[in-house]
Amino acid sequence: MSTKKQKFQWWKWTTIILLVYTIIGGFLFDVPRLIILNETVRVLHFHVPMWFGMIILLVYSVVYSFRYLRYQREIDDIKSAAFAKIGVWFGILGILTGMLWANYTWGSPWNGDPKQNGAAIALLIYFAYLLLRNALEDPQQKARIASVYNIFAFAMLIPLLFILPRLTDSLHPGNGGNPGFNAYDLDSKLRAVFYFAVAGWTMLGYWVAQTNIKLEVIKQKIEDNYEEILKHN
Amino acid sequence: MVFMVASTALGQEKYSIDDSDYTNTNVEMADQFRAEGKIYVVVAVVLLILAGMFVYIIRTDRKAASLEKKLAEIKGLDKE
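Heads up: the protein sequence lines correspond to chains W and E, in order. Counting along the first sequence from 1, when you hit position 98 you're at 98 in my numbering, and nothing is skipped either side. Counting along the second sequence from 1, when you hit position 57 you're at 1057 in my numbering, and nothing is skipped either side.
It should be emphasised that the hints constitute simulated quantities derived from the structure, not laboratory data. Wrong hints could be hidden among the right ones.
Simulated pairs of lysine to aspartate or glutamate, EDC-like, Cα-Cα distance not exceeding 20 Å [what the hints assert, rightly or not]:
hint	chain 1	residue 1	chain 2	residue 2
1	W	Lys221	E	Glu1068
2	E	Lys1069	W	Asp138
3	E	Lys1075	W	Glu216
4	W	Lys142	W	Asp224
5	E	Lys1063	W	Glu223
6	W	Lys219	W	Asp138
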């Protein structure tokens, strides 16, 4: 922990710039005029980055779980949990925005689409992770069991989102025929916003995680030094 | 064009977007809404909310930093 006056890090400025650009570009730039999608093609810059962001944040989470199991340091478990929590938030937002979009383009919020179902199952697995954390009392036991579970949860997430939907037909792009939206990633004008949107939203998630980690570390310090702090007052 | 859409609907091949998709006025878009400049109201509102969220998270960051400092002070005093 640095005791120097905290500087406003460059990557936070980058996050702000990227998201402002996402809003301006996402709403104002030219988009292809496609049947079924119409203006909702712009949802691409908001719905899809939730999933990209979720995956990246959950990768962070699982890396810190491995590190915890290897070095048994409390900080790694704190980081792992913080990234998992914000990752799950992104997933929930992804599901909800996806349902809204699907209602307009695919005719109903839930189509039993393999990727939709896979995402829902993956989220349930991660809900169980959060419940498991809350259910265990002993901090070391909690950290160890949660780390192991988190690795299994991530190992389930990949096939549910990236392998199983490809084995069958899906409405989602890149997973079989999709009349609504199948070639967006080939279009350079959408790409000019989309990649920056993914970076911006993901970095926002990272930012929130960092803030939560800081608060959680403070909480741990207070609990560990409770007597001292009482004496000081 | 119609053929391409139909073949995509059958899931046979990918439909790639080209320049004609940017000028295809048969597909209804919010052209009127944009022409009237109302889209800028939407963009301004969303940007304001985004700015508010950023201010909030930066303030929370600062609060956490000052708590860290306070804790460090307490521990430092006790060591003396």
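Outcome of the hint check:
no.	hint	in the structure
1	W:Lys221 to E:Glu1068	9 Å, holds
2	E:Lys1069 to W:Asp138	28 Å, violated
3	E:Lys1075 to W:Glu216	18 Å, holds
4	W:Lys142 to W:Asp224	17 Å, holds
5	E:Lys1063 to W:Glu223	19 Å, holds
6	W:Lys219 to W:Asp138	16 Å, holds
This entry does not satisfy hint 2, going by the numbered hints stated previously; all others are met.
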